[in-house]
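Visitor: These are the residues of each chain, in order.
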Amino acid sequence: MKNFLFELKEGLYISFKAILGNKIRSVLTTLGIIIGVWAVVVMTMAIRGIDESFQTGVASLGSDNLYIDKWAWFDNDIPWWELRNRKNLDMDNYNQYVDLAKLPLAIAPSVWTNQTVKHEEKLVEFILITGTTDDYIKTTNLSFEQGRFFNELESNGGRNVAVLGSEINKKLFPLGDGLGNFVKISGRKFKVVGLLEEQGSWVMGNFNPDNQVFIPIQNIFKYFHSQHFRSITINVRAANSQMVEDVKEEAIGIMRRVRGLKYSDRNDFSINQQEGLLNNINQTVGVIQIAGLVITGLALFVGAIGIMNIMFVSVKERTKEIGIRKAIGAKSRTILTQFIAEAAMLCLIGGLIGLFLATVTSMIIAQMDFPSKITPDSVILAISVSLLVGIFSGLAPAYTASKMDPVDSLRYE
Amino acid sequence: MNIITIEHIAKIYQVGMEEVHALRDVSININKNEYVAIMGPSGSGKSTLMNMLGCLDTPTSGLYNFKGHNVSLMNDNDLANIRNKEIGFVFQTFNLLPRSDALHNVELPLIYAGVGSTERKERAAAALDNVGLADRMHHKPNELSGGQRQRVAVARALVTNPSIILADEPTGNLDSKTGEDIMTLFNEIYSQGNTIILVTHEEYIAEHAARIVRLRDGLIESDETVNKRFIPEKKESV
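Here the protein sequences come in this chain order: Z and E. Residue 160 in the working numbering sits at position 160 of the first sequence; the count goes up by one each step and never skips. Residue 81 in the working numbering sits at position 81 of the second sequence; the count goes up by one each step and never skips.
Keep in mind that a hint or two might mislead.
[To be verified] Using 20 angstroms as the maximum straight-line C-alpha spacing, the simulated EDC-like pairs for lysine to aspartate or glutamate come out as follows: (1) Z:Lys316 - Z:Asp408; (2) Z:Lys320 - E:Asp101; (3) Z:Lys17 - E:Glu143; (4) Z:Lys320 - E:Glu169; (5) Z:Lys320 - E:Glu122; (6) Z:Lys9 - E:Glu180; (7) Z:Lys9 - E:Glu119; (8) Z:Lys403 - E:Glu224; (9) Z:Lys171 - Z:Asp134; (10) Z:Lys403 - E:Asp57; (11) Z:Lys403 - E:Glu143; (12) Z:Lys9 - E:Glu122; (13) Z:Lys320 - E:Asp76.
[Stated by the list, open to error] Ranges of calculated distance between the beta carbons of each label pair, as one might list FRET restraints: (14) E:Asp217 - Z:Tyr412: 24 to 34 angstroms; (15) E:Ser191 - Z:Leu28: 49 to 59 angstroms; (16) E:Asp181 - Z:Glu317: 25 to 35 angstroms.
No wet-lab data here; the hints were simulated from the structure. The model shown is predicted, which means the values in this text are computed figures rather than measured ones. Glycine included, every Cβ here is placed at the ideal spot set by N, Cα and C.
Please work from the sequences and hints to get the whole structure.
Guide: Here is the structure:
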């Protein structure tokens, strides 16, 4: 064991000299590993970032929620035209459901429209305005930075009050004086009563609460479009996850009644769930992961071949050295160790450079609001991947070297 | 004390379809503190014999006993061990590692012997001092003259206190003055109680030895003890 440590140390020392002795060659050879490790780290980083965003995005919907909708989010069994031909859900449907439903914790209708939101000279265009009632807040996990959601009085009375998502707030009120101030939504003046905390979900895009404005649903119908222009969504929250299935069953029953369906009719509404979204996301992330794995695997494989090739050259060049070492007592194992150590060291250097570049890349990406972060496990990943590739690609050349005949290799010029 | 006992060894190489008998039937004994020169023209088998003696190669048939161990039956690892601990090589082309300084070159056999860093450096430095290179320890081979390089090689051969020093044409790449210096160094080493086997085809180099073994066509032609060592004296070859 002690001998092995000395041999390993000598192997590393010699590799270090050999690598320094062939600087350009070493750099060119490690390029493959640099790119490979860079790809591995950036890829895992990106995948994790995307996944986390999806998860937080989905979590912000709440796992106990159901969404009764004209549209099915993920059900590919129902043809698109059938969905389109369904009757819109309207406020009457909502009111009847509220009257009949016993199980849900909270129920709120919601409908959307895209409008321009303005404060003095600042404006944000094509913003998702969600119209809803005061109960909406009970169906979500939204939290407030300042202020509150609009109350029953404001909701029922159709007052011009608005709750702003954090991004909108930042853009319109960079000084942070939004609460109590006024915004104009396509020319209509609304008082800001609440500012949401940042939810930080990148994937939800425009559906991210950060980019939304909430106003009483009455006002949508009053100012922007009629009740029947667009189907509403009924947001339903169950008391807990165990209740979700019961709430769903009850909702189907009530909705069939409300919509006046016959026994033989198919449902002309869909009950959507976060679960469907999650499945979809996991599938997507899974595909990205596999694609990433294949691409980075290929990059590393090409890198490994490069290292293997140069190690074979190195072994050939140093035939005489191998002969000398064997003559003065190096065992086959010693020579094997030495060349594997050299390949591993080459790869490790490449890996560290790759890791450095990946860190720089992640910083640049982070500037562009794309989620990515370097974590300790990406460091461990980079180091272990490059070491593994090094050992793998050094194996065959090192074996060749270790099996060389001392007499022949001493005579080699 | 008997170090090397060789009985009827032969070495046959397969070159293409042909069998080459490099050594046919060689028997030889070498005792402790002997100074033996092995001579012979090229093709006589002296290099093959040297490779056998140096445990770099094993014979096709016959018995090779090194200090009571049967070398003929050894595997690669055992051979490496015996080369490391019992044999010190000095080559015609010095065979130093070009990227390492003198000290590290001399340390190398000790690394393979598993000697700790501090002791290793001390012993390597002492060995270099012994060959008069105490001030050249951190020079690379290309910063040293031919004679100095060969001295480093001698220091490397001696540093493990081997049972035999095996020198293959040690002066072959040196001018005659430097060659003489190296031979003087061998004489000193010999007088310190070491066993030296010298392979050469130069008569005047062989005459430093106390015993001359002549090979021809894979057989021993003569094996004679020269009593008057160190005194260069022209002799008729047998």
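Visitor: Could you run down the list of hints and mark each one as holding or not?
Guide: Here is how each hint holds up against the structure:
Taken as a hint, the Z:Lys316 and Z:Asp408 pair is honoured in the structure, with Cα atoms around 12 angstroms apart against an allowance of 20 angstroms. For the given pair, Z:Lys320 sits about 17 angstroms from E:Asp101 by alpha-carbon distance, which is consistent with the 20 angstroms threshold. Between the alpha carbons of Z:Lys17 and E:Glu143 the distance comes to roughly 17 angstroms, so the proposed pair stays at or under 20 angstroms and holds. For the suggested pair Z:Lys320 and E:Glu169, the alpha carbons sit about 18 angstroms apart, so the restraint of at most 20 angstroms is met.
A hinted pair counts as satisfied when its Cα atoms are at most 20 angstroms apart, and Z:Lys320 with E:Glu122 does not qualify at roughly 28 angstroms. Proposed proximity of Z:Lys9 and E:Glu180 is contradicted: the alpha carbons are some 38 angstroms apart, above 20 angstroms. Between Z:Lys9 and E:Glu119 the CA atoms are separated by roughly 16 angstroms; this keeps the pair inside 20 angstroms, and the hint holds. Between Z:Lys403 and E:Glu224 the alpha-carbon distance is near 39 angstroms, which puts this suggested pair outside the 20 angstroms criterion.
Between Z:Lys171 and Z:Asp134, the direct Cα distance comes to roughly 25 angstroms. Violation of the 20 angstroms bound is thereby established for this hinted pair. At most 20 angstroms may separate the alpha-carbon atoms for a hinted pair to count; Z:Lys403 and E:Asp57 meet this at roughly 14 angstroms. The straight-line distance between the Cα atoms of Z:Lys403 and E:Glu143 is roughly 32 angstroms, outside the 20 angstroms bound, and the hint therefore fails. For a cut-off of 20 angstroms, the pair hint linking Z:Lys9 to E:Glu122 stands: about 18 angstroms separates their Cα positions.
Distance restraint check for Z:Lys320 and E:Asp76: the Cα-Cα separation of roughly 18 angstroms lies within the 20 angstroms cut-off, and the hinted pair is therefore satisfied. For E:Asp217 and Z:Tyr412, the Cβ-Cβ distance of about 27 angstroms falls inside the hinted range of 24 to 34 angstroms, so the restraint holds. For the pair E:Ser191 and Z:Leu28, the beta carbons lie near 54 angstroms from each other, so the given range of 49 to 59 angstroms is met. With their beta carbons about 33 angstroms apart, E:Asp181 and Z:Glu317 fall inside the hinted range of 25 to 35 angstroms.
Going through the hint list in order, the structure does not satisfy hints 5, 6, 8, 9, 11.
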